[in-house]
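Visitor: Each chain, letter by letter, is given below.
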Amino acid sequence: FFFSPFFFPPSAWLATSAMAMKFVLLVNKQGQTRLARYTDESLSVDERRALEGEVVRKCLARPESSCSFLPHRDYKVVYRRYASLFFLVGIDDSENELATLELIHALVETLDKYFGNVCELDIMFHIEKAHYVIDEMIMDGAVYETNRTNVVSPLQALEAQIAQERA
Amino acid sequence: MNMRPNNGHSASATPPPRGSSSSRGGSSSAAQQLQTTALAQTHSAHFYTLVRRIGECKSRTEEITIATKEAAYLKGVLAKNEATPEVLIRLLYAEMLGADASFAYIHAVKATHSSHLQTKRLGHLLVQLFLTSKDPLMLLLINTCHQDLKSADVLVVCAALHTLARLTSEDTIPAVLPTVVELLNHKSQLVRKKAVMVLSKFQKVTSDATTKQMLQQKFCLMLCDKDPSVMGASLNGLHDALCTHMEGEDLIRMKNLVPSLVSILKQITQRRLPRSYEYHRTPAPFIQIKLLKMLAKLGQNDQASSEHMYQVLSEVLKANGRQPSAQSHTATIQSALVFETIRTIATIYPSTELLTLAAQSTSALLRSKHRNLKYVGIDSLMHITRVNPSYAQEHQMAVVDCLEDSDDTIRRKTFDLLAAMTTQQNVEVVVEKMSAYLTDLNHLSGMDAKLIRSRILTEIANLAERHAPSVGWYVEKMRELLELGGDDVPVQLCDRVIAACASDDGVANAACQAYGSALRERGCDVHAPFFRVAAAVLGEHISGADAAASTARCLISTVEENVRLDDAERALVASAMGKLVSKNDSMAVTEVSEFAAAGMRSRSTELAQRCGELKELLHTKVATASPGTGSGANVAAALAGASAYAATRGGSTYVPVEERRRRKLAEAVAAGGVSVQEASASAPPPQSYLERQAVLQAAKEARASPSAGLRKSGAGARQQWGGVEPPPPPPQVQAPQVAAAASAAPSVQPAIEPAMPDERASLAAALFGGGGAPAPVATAASAVAAEPPPSPPPPAPVAAAAQPSPVDPFAMLSSLDAAPPAPPVDPFAQMGEMGAQMPQITPQQPMGGMMPMQQPMGG
Chain U
33 FFFSPFFFPP
43 SAWLATSAMA
53 MKFVLLVNKQ
63 GQTRLARYTD
73 ESLSVDERRA
83 LEGEVVRKCL
93 ARPESSCSFL
103 PHRDYKVVYR
113 RYASLFFLVG
123 IDDSENELAT
133 LELIHALVET
143 LDKYFGNVCE
153 LDIMFHIEKA
163 HYVIDEMIMD
173 GAVYETNRTN
183 VVSPLQALEA
193 QIAQERA
Chain Z
156 MNMRPNNGHS
166 ASATPPPRGS
176 SSSRGGSSSA
186 AQQLQTTALA
196 QTHSAHFYTL
206 VRRIGECKSR
216 TEEITIATKE
226 AAYLKGVLAK
236 NEATPEVLIR
246 LLYAEMLGAD
256 ASFAYIHAVK
266 ATHSSHLQTK
276 RLGHLLVQLF
286 LTSKDPLMLL
296 LINTCHQDLK
306 SADVLVVCAA
316 LHTLARLTSE
326 DTIPAVLPTV
336 VELLNHKSQL
346 VRKKAVMVLS
356 KFQKVTSDAT
366 TKQMLQQKFC
376 LMLCDKDPSV
386 MGASLNGLHD
396 ALCTHMEGED
406 LIRMKNLVPS
416 LVSILKQITQ
426 RRLPRSYEYH
436 RTPAPFIQIK
446 LLKMLAKLGQ
456 NDQASSEHMY
466 QVLSEVLKAN
476 GRQPSAQSHT
486 ATIQSALVFE
496 TIRTIATIYP
506 STELLTLAAQ
516 STSALLRSKH
526 RNLKYVGIDS
536 LMHITRVNPS
546 YAQEHQMAVV
556 DCLEDSDDTI
566 RRKTFDLLAA
576 MTTQQNVEVV
586 VEKMSAYLTD
596 LNHLSGMDAK
606 LIRSRILTEI
616 ANLAERHAPS
626 VGWYVEKMRE
636 LLELGGDDVP
646 VQLCDRVIAA
656 CASDDGVANA
666 ACQAYGSALR
676 ERGCDVHAPF
686 FRVAAAVLGE
696 HISGADAAAS
706 TARCLISTVE
716 ENVRLDDAER
726 ALVASAMGKL
736 VSKNDSMAVT
746 EVSEFAAAGM
756 RSRSTELAQR
766 CGELKELLHT
776 KVATASPGTG
786 SGANVAAALA
796 GASAYAATRG
806 GSTYVPVEER
816 RRRKLAEAVA
826 AGGVSVQEAS
836 ASAPPPQSYL
846 ERQAVLQAAK
856 EARASPSAGL
866 RKSGAGARQQ
876 WGGVEPPPPP
886 PQVQAPQVAA
896 AASAAPSVQP
906 AIEPAMPDER
916 ASLAAALFGG
926 GGAPAPVATA
936 ASAVAAEPPP
946 SPPPPAPVAA
956 AAQPSPVDPF
966 AMLSSLDAAP
976 PAPPVDPFAQ
986 MGEMGAQMPQ
996 ITPQQPMGGM
1006 MPMQQPMGG
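Quick mapping for you: the protein sequence lines, in order, are chains U and Z. As numbered in the numbering used here, residues 33 to 199 make up the first sequence, in order. As numbered in the numbering used here, residues 156 to 1014 make up the second sequence, in order.
No lab work stands behind these hints, which were simulated from the structure alone. Quantities reported herein were computed from a predicted structural model and do not represent experimental measurements. Every residue gets a Cβ at the ideal spot worked out from N, C-alpha and C, and that includes glycine. Any given hint could be a false lead.
[Stated by the list, open to error] With a straight-line cut-off of 30 Å between C-alpha atoms, the simulated DSSO-like cross-links for lysine-lysine are:
no., chain 1, residue 1, chain 2, residue 2
1, Z, K605, U, K90
2, Z, K342, Z, K305
3, Z, K410, Z, K359
4, U, K161, Z, K224
5, Z, K473, U, K108
6, U, K161, Z, K265
7, Z, K342, U, K161
8, U, K161, Z, K473
9, U, K108, Z, K452
10, Z, K359, U, K145
11, U, K161, Z, K410
12, Z, K235, Z, K213
13, U, K161, Z, K452
14, U, K90, Z, K524
15, Z, K524, U, K108
16, Z, K289, U, K161
17, U, K161, Z, K230
18, U, K108, Z, K289
19, U, K145, Z, K381
20, U, K61, Z, K342
21, U, K90, U, K61
22, U, K161, Z, K213
23, U, K108, Z, K230
24, Z, K473, Z, K421
25, Z, K224, U, K61
26, Z, K265, Z, K305
27, Z, K373, Z, K359
28, Z, K213, U, K61
29, Z, K342, Z, K421
30, Z, K359, Z, K265
31, U, K61, U, K145
32, Z, K605, U, K61
33, Z, K213, U, K90
34, U, K108, Z, K605
35, Z, K359, U, K108
[As the list claims (entries may be wrong)] Residues on chain U that point at chain Z, a partial pick, calculated with CB under 8 Å:
no., residue
36, S76
37, S98
38, L102
39, D125
40, E129
Bound-form chain U, shown alone (with noise of 0.2 Å):
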């Protein structure tokens, strides 16, 4: 009789534990996926292609004034819009959907203080320095580092001791 996961969602949140964000994906608006990076393990590669594609074509479904949250299977995905590509984040009933939103702005602000006004092709040709600043921010789904400072400059220090290594 209880068995319904949506019957008691407000003690939902309540229960699981703090892995809140499954995934976070970029993808744009023709449906390619630019970076993916999920916490869960229990998909695999082709259920993660697939998972992309139905979650992009329904934001594209969705007109501009919609809200940004939309539930699908059991993930709540939180998206935005920047320019031509879509930055998704699947999170689970525990995670406060509006933080999650901001959160990803942070993170584009984050991407534009590192890249200096970032946009798709800066992601494309140093997709390996985006991992790195989504590492910096988030780790195991829970975000534990939104100070700017502090997330650039590793990476900056990173880039500096690879460039002397190379000299």
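Could you slot chain Z onto chain U? The hints should help.
Guide: Relative to the frame of chain U, chain Z by itself:
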């Protein structure tokens, strides 16, 4: 801040500037040339071609082709050479686009071992993306990680920590745990905060209680770290700890944290942290949210701890509670904080003052023009109405508006809210609205839509079962739902409808009428789930010989004519026939036996088996039918001709059974052995009920063994049989308080047009119980809540109906896997259970409605 538009694919031909150092100003062509030379040092032309081609892809297939080709090429390269950074990045692309890069996993692990920082860091990134924690390569990797953790280079240590945070299994923890714990004293805050994050992952994965305890103590220590980032990271570990069950010393340690957490939160709101931790003029919002989540867990059911929090919670609300009208980042993040605070306030031991504040903030969110804020407003309202239902009154119209919203997410969220505040008074409107929504979803297709529809169906059924105002309404609603749901009706839902019929005679009778007429009117259109329920209910519960006969005809003709139904449904019809035949001896045997004969030739073992049983049953009935009854008399007449024919051919004449008995008796008396009375007693009573039963029983036993084998062979078969068994009797339908509910509830219009304001008002009235005036409704609600439990009398007939009827031919089969009966559910037991799940509701609240809110919280 705003990302530059990409201008389609043509722009991707030239690589963009690299790194943060390059400036975007000046003439673009000159800058591009400069960048190209700078880039040429790091990557080959091949890499740029690859990226450009990926950018120019028009379809998924094209993408996969490129990725697969690339993977094949890289495989060749890796067979000869060590992986270079460029090759690693190209592998990353190939895998991301869906190619199989498993050949490269070992190379990624090798790269982590490299002496070059760039290769090492890339290696650590790739293993995170490629491997899972159960991969056999983890053995190699953990060794490298262990060495890297001891490196003097901070960046190397960090790379290893990232890998550990992603890939940790229970087996690998002991190898690296001491080293990671040591890193908590590292001089760099970067290493300390990452070590804390890795340890919180360990805490989640490990099952060792001592390790967990040790880690929690470490997190408590790290909470006092002088660096705010490290403090923020340690909150993650503590929050995870609070999500698990704790008791004794551990729990006390956590409860002791309340004052520290409160003071941290206070300091953050007072802007004691450096400016760099602010996000759009809001101090460290993500740390605040984590703190609020922890406070919610700590204050739940704990008055003393909660009282520590009241002040800081109201401060957070006030600091962020400006009008959430502008759609700036400041407004959004502040609303996120308000939303989290409301959830916390609604979870901890309630405070009237705070709840009032929370209700005001909720109104502000609900009134917002922006759908994001409206969405969290609905969520907030759902939380505070759980503590005190009267808060919903004020927002009737807002909720009704949200029900009609064009945004699907908002509508679904509103249904969650409605489900939370459904009562017997408004259940009809709520269910009506949700069914209308379900109809709106009909145009969607695909697996996802199917999933959504089946979830909503279940939700509606839950509400209907819990709050049904009358039996008739419930039965009619469930029938509508099953028809509306089509093929998306989940099996569990079908079983529940069948179970509900078995639990109550009234429900069963109403259901028989509803399903019978539905099948007669539109049998050709129904979907399989509906038909399954109909066949099971009609077969089990129809009573009266004529009704049984007509039902049998109806079922057979439906299953033959409806193209949506196949052998699985025929098998169900066969078992329903078995039950119907037992109710009517003189039933149209020809039709049924034709059906059985056709079914026995089927390729479906399921159907053939059932039809075989049915045929056996029909034979038994014919053979044992008493001479007086219709079919039996026919048989006797037919046989009389045959015996006369045999007599002319020299056979002995046919002597009826009665006559033979009489002769036998006479012989016995003549022999002088026994008296007449004794002899007649020893002979079985001719064609008595008991005799027929014995024959039936023998037939049943003969069938029992092969069927048992069949049953074991397939779970799928079991599932299907589940539909026809006499189901477990969970009397989920409440004993209807029809009279009280009907008089209390305002008249309900079944279909409400969204556009008209008057009708919106009436909808609101129907939903919230009173025409915009909260007071009478609140009292009505509390009166209903305060009423003594209306112990729904589980009447004796219910139990009788739940048992298999004595002539049920398949009773023995069914009893093999009948589910254990669910306990009866009455509304107040449900409230109790809700209380157990949301224990912040003090025991008297569900009963007393609004009362505790007006009492001082001192006691």
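Visitor: Any hints from earlier that this structure breaks? Give me their numbers in increasing order, please.
Guide: Going through the list in order, the structure violates hints 8, 10, 11, 12, 13, 20, 23, 36 and 39 and respects the others.
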